[in-house]
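4 protein chains.
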Amino acid sequence: MLVTPTLAKVRAKIHQFIYGPVGERIILGLIILNSIVLGLETSPAAVTWAGGLITGLDKLFLGLFVLEMVLKIASDPRVFFRNGWDIFDLIIIALSVFPYQGHLSMLRALRIARVLRLVSVAPRLRVVVESIIKSLPSLGWVSALLAVIFYIFAVLGTTVFGQVFPDWFGSIPASLYTLFQILTLESWSMGIARPVLAEFPHAYLFFVPFIFLSSFVILNVFIAIIVNYLSQVSNQVEKTKDQPPNEIVVAIERLTTEILALKKQVEK
Amino acid sequence: MLVTPTLAKVRAKIHQFIYGPVGERIILGLIILNSIVLGLETSPAAVTWAGGLITGLDKLFLGLFVLEMVLKIASDPRVFFRNGWDIFDLIIIALSVFPYQGHLSMLRALRIARVLRLVSVAPRLRVVVESIIKSLPSLGWVSALLAVIFYIFAVLGTTVFGQVFPDWFGSIPASLYTLFQILTLESWSMGIARPVLAEFPHAYLFFVPFIFLSSFVILNVFIAIIVNYLSQVSNQVEKTKDQPPNEIVVAIERLTTEILALKKQVEK
Amino acid sequence: MLVTPTLAKVRAKIHQFIYGPVGERIILGLIILNSIVLGLETSPAAVTWAGGLITGLDKLFLGLFVLEMVLKIASDPRVFFRNGWDIFDLIIIALSVFPYQGHLSMLRALRIARVLRLVSVAPRLRVVVESIIKSLPSLGWVSALLAVIFYIFAVLGTTVFGQVFPDWFGSIPASLYTLFQILTLESWSMGIARPVLAEFPHAYLFFVPFIFLSSFVILNVFIAIIVNYLSQVSNQVEKTKDQPPNEIVVAIERLTTEILALKKQVEK
Amino acid sequence: MLVTPTLAKVRAKIHQFIYGPVGERIILGLIILNSIVLGLETSPAAVTWAGGLITGLDKLFLGLFVLEMVLKIASDPRVFFRNGWDIFDLIIIALSVFPYQGHLSMLRALRIARVLRLVSVAPRLRVVVESIIKSLPSLGWVSALLAVIFYIFAVLGTTVFGQVFPDWFGSIPASLYTLFQILTLESWSMGIARPVLAEFPHAYLFFVPFIFLSSFVILNVFIAIIVNYLSQVSNQVEKTKDQPPNEIVVAIERLTTEILALKKQVEK
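Protein chains in written order, with my numbering: chain A, 4 to 271; chain B, 4 to 271; chain C, 4 to 271; chain D, 4 to 271.
Calculated directly from the structure, the hints in this document are not laboratory data.
On a predicted model such as this, the values are computed, not experimentally measured, just so you know.
Please note: incorrect hints may appear among the correct ones.
Said to hold, decoys possible - Distance ranges between label pairs, derived from CB positions: (1) D:Glu-202 - C:Val-69: 53 to 61 Å; (2) C:Phe-219 - D:Arg-28: 31 to 39 Å; (3) D:Leu-56 - B:Gly-143: 13 to 21 Å.
Stated by the list, open to error - Here are the simulated lysine-lysine pairs, BS3-like style, with alpha carbons at most 30 Å apart: (4) A:Lys-267 - B:Lys-62; (5) C:Lys-267 - D:Lys-12; (6) A:Lys-16 - A:Lys-62; (7) D:Lys-16 - A:Lys-267; (8) C:Lys-137 - C:Lys-62; (9) B:Lys-16 - B:Lys-62; (10) A:Lys-267 - D:Lys-266; (11) A:Lys-267 - B:Lys-266; (12) C:Lys-62 - B:Lys-267; (13) C:Lys-267 - D:Lys-16; (14) D:Lys-62 - D:Lys-16.
Ideal Cβ placement from N, Cα and C applies to all residues, glycine included.
Chain A on its own, in the form it takes in the complex (with noise of 0.2 Å):
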């Protein structure tokens, strides 16, 4: 299909418009609509009243969304598929589009992750998202260290408790719940170890330790994260004050050429 200037112009245009303030304030007035009849269709009050509507309502703003992803990706499909958050929102819409049948019906409730389209359009939602994607990396080995710990006590707990308490470490996946639920200290010990240590009296040998090292992990996740934003300050705070020094070098080599221009006129 041979792109005809006229045609150029007009998608140039549209682009101008869909990303520009008028269409992202659009867009974000209709998110913001939409999530509030996505509330409303929880109301059983509100869908006896009037469920078609709500219905009908968000049909349209679905359909306002697809045509809005259709528009942005014809008018320049380059920009659109090297932005990450222009493919999140896509993704976010042909997740809401897709039919749902039989056992998967259960996933149209998805739907409602069309509100996360608000970090996508509201761009200081968008820096703090950001940054907090950032120091993601900062606790990758310390995750993998917390992973480890994981795999082995929930391999030593399905061992030697699966049998006697099946619903807490009966398998793999049920143990690392449990571990889960024991890292977030919740019910720790009268819910889950008590009735264990009934059992099985040396289980504290399994349930402290535990405590202790993923306590210690994550609280060693905690400071990498903070020492990470703190350097990315402190590294502000080092740019501006690498100024001065300089100036102060700047002003010996002035004084050094001087001294030169004199010795030369000396040495006459």
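Take the given structure of chain A and dock chains B, C and D to it, following the hints.
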């Protein structure tokens, strides 16, 4: 009404007294005494023994506070209505004077808010509250992100679990309250998640990501506050640190002047 | 009583010995042995087997500690009563000697406080405790704010919920204890708030704001301590950092002297 | 036994291979495969379906690890026994080879500790663990203080509550476990303190101070770690910051040399 010079003088005197150290101490004393009386009112023994006295004292204190407000406003309304803490006091006193009746009578308990005036009267407490309030804006966008997460999970929870667990997920407000409970990690697993998992085996896909996401955002809230405080502290440190380089610059400038003078002398 | 030179010498010798390294080590050993004996006393098996020996040893240790106190006071009362840790030791020993009888007999259990003397004897532990105590003043006003919040919510809770839930909110002390439990987030929702909400549907206006306010103030307490520590650390860093600029200033001053000398020579 | 040049060469080759990148990757692969096999062993379905294969594979992996140890020791025992991580590996493999029988058979579950070798093989994980271990000494004395607090409250709790609540405070180990649970704030009030308070109305004098003291000490543990990390970071920052002043010093020294040269010339 013409403000005669004498009236203006009286007003200035009142102003000086009621905002001065003696006035402040009297008001502080009244607030503390009133707080004790309001506490005594909750004790059936004290009420049986001296109920009339307690009620009378409380009315007397309220009368004195109303008088304080009237004097403060009358002496200089412009000062009064520009001072946030004065308006805060006025609202608290107004809430106490309001004649609650019928099923609003329970709101009479809000009289205890008068204890809050301790904060507006004690300068040091005011500083603490002001510094806490100042740290709030840094929470703005992270809180907005938390609100988005809460709303999405509340709608999801209400849609999926609402009919089977109406107490916890029956409506969006009920779900929001349950999610707040889960955020505080209180009985999230033994109390909420395990019963839900017995009905919905995949519900861990709801609870575990929610805990991860919300904890992570809350962690960022904490870090935002800590970094905010630390950067204030480090700014103060920077200011004192800039001085030594300046001294160096001054020393070098003096040196340059000397060399230029020397150069001139040599040129002669 | 005249203090003869010989007595003064004896007192100095005793002082030197009991505060010296050998004396300290002996006392440390006695405290550790006494701690073990006090622990054994809680074991019915140990008491049946060697009850007389344990009681005897405990009395012997107490006698030795009383002797230590007497010697320390006698050797130099002025040093003793000016040293906070010595007075701390004296109070602990006095509490152990006091003849508890009747329904005070339970207080005999306080003898275990003698283990605390480990802190006053081990120099490193003393440093840790002193640095913790030094960080307390920074908590002052934030704690006062927390106290105001606690008092307001305790009176409010007692007034509104007191009659229906006497165990939790029956009196101000009961409410304060319940609020402390809520502050630690222990069973606040499933244990306390949900039962209360069943009777008072608007009670979430009591619990959720209390958790927000108290958590926020507690967070500020933590930050106050962290910032306090960090500013101490950063002060030390500052001191070492000031040195290099000073060296530079000295170097520049030396340079200036040279140039002035040069100038004089040229002037000749 | 004489080490002929050929044998020495073979040993060097083996050493190079088994500690080299290829050897490391093979071992890493074996550990991961072994971890999966150990996980499968906990699944009754997998054991019914392929129990013989799983047991066989596990034995094979263990054999390979024993071979790895033998080769590593044989190729250069001095390197092996000086490397903490190599000794760590040896202990883990030794624990797996040990023939647990009778009522030690449960300890066979410790084979899963082999997953820990992931840490000793992956360099990045090793760095994380080493940095965590390095931060431990800063906890030393604060932990000693916590131990003193735990011991005092354990003896106190056992003496006072032991006979009425034998499950929680029946012996010093039981009290220590209960205090650890209270330290984590798990069910401390609804689960432990309120039942105890029903029997001992003054027991809040035990629980509330314990929570205050232990939380405060734990907070100091956290701060010790954070300050420790931050001072490491700030030390690195200091080092980079020292450079510019050094440049200045060098520049000034060059300047001084020039001026001294100038002086000599003028003196001529």
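Outcome of the hint check:
{"no.": "1", "hint": "D:Glu-202 - C:Val-69: 53 to 61 Å", "verdict": "violated, 35 Å"}
{"no.": "2", "hint": "C:Phe-219 - D:Arg-28: 31 to 39 Å", "verdict": "violated, 51 Å"}
{"no.": "3", "hint": "D:Leu-56 - B:Gly-143: 13 to 21 Å", "verdict": "violated, 58 Å"}
{"no.": "4", "hint": "A:Lys-267 - B:Lys-62", "verdict": "violated, 94 Å"}
{"no.": "5", "hint": "C:Lys-267 - D:Lys-12", "verdict": "violated, 76 Å"}
{"no.": "6", "hint": "A:Lys-16 - A:Lys-62", "verdict": "holds, 27 Å"}
{"no.": "7", "hint": "D:Lys-16 - A:Lys-267", "verdict": "violated, 66 Å"}
{"no.": "8", "hint": "C:Lys-137 - C:Lys-62", "verdict": "violated, 36 Å"}
{"no.": "9", "hint": "B:Lys-16 - B:Lys-62", "verdict": "holds, 27 Å"}
{"no.": "10", "hint": "A:Lys-267 - D:Lys-266", "verdict": "holds, 13 Å"}
{"no.": "11", "hint": "A:Lys-267 - B:Lys-266", "verdict": "holds, 11 Å"}
{"no.": "12", "hint": "C:Lys-62 - B:Lys-267", "verdict": "violated, 93 Å"}
{"no.": "13", "hint": "C:Lys-267 - D:Lys-16", "verdict": "violated, 75 Å"}
{"no.": "14", "hint": "D:Lys-62 - D:Lys-16", "verdict": "holds, 27 Å"}
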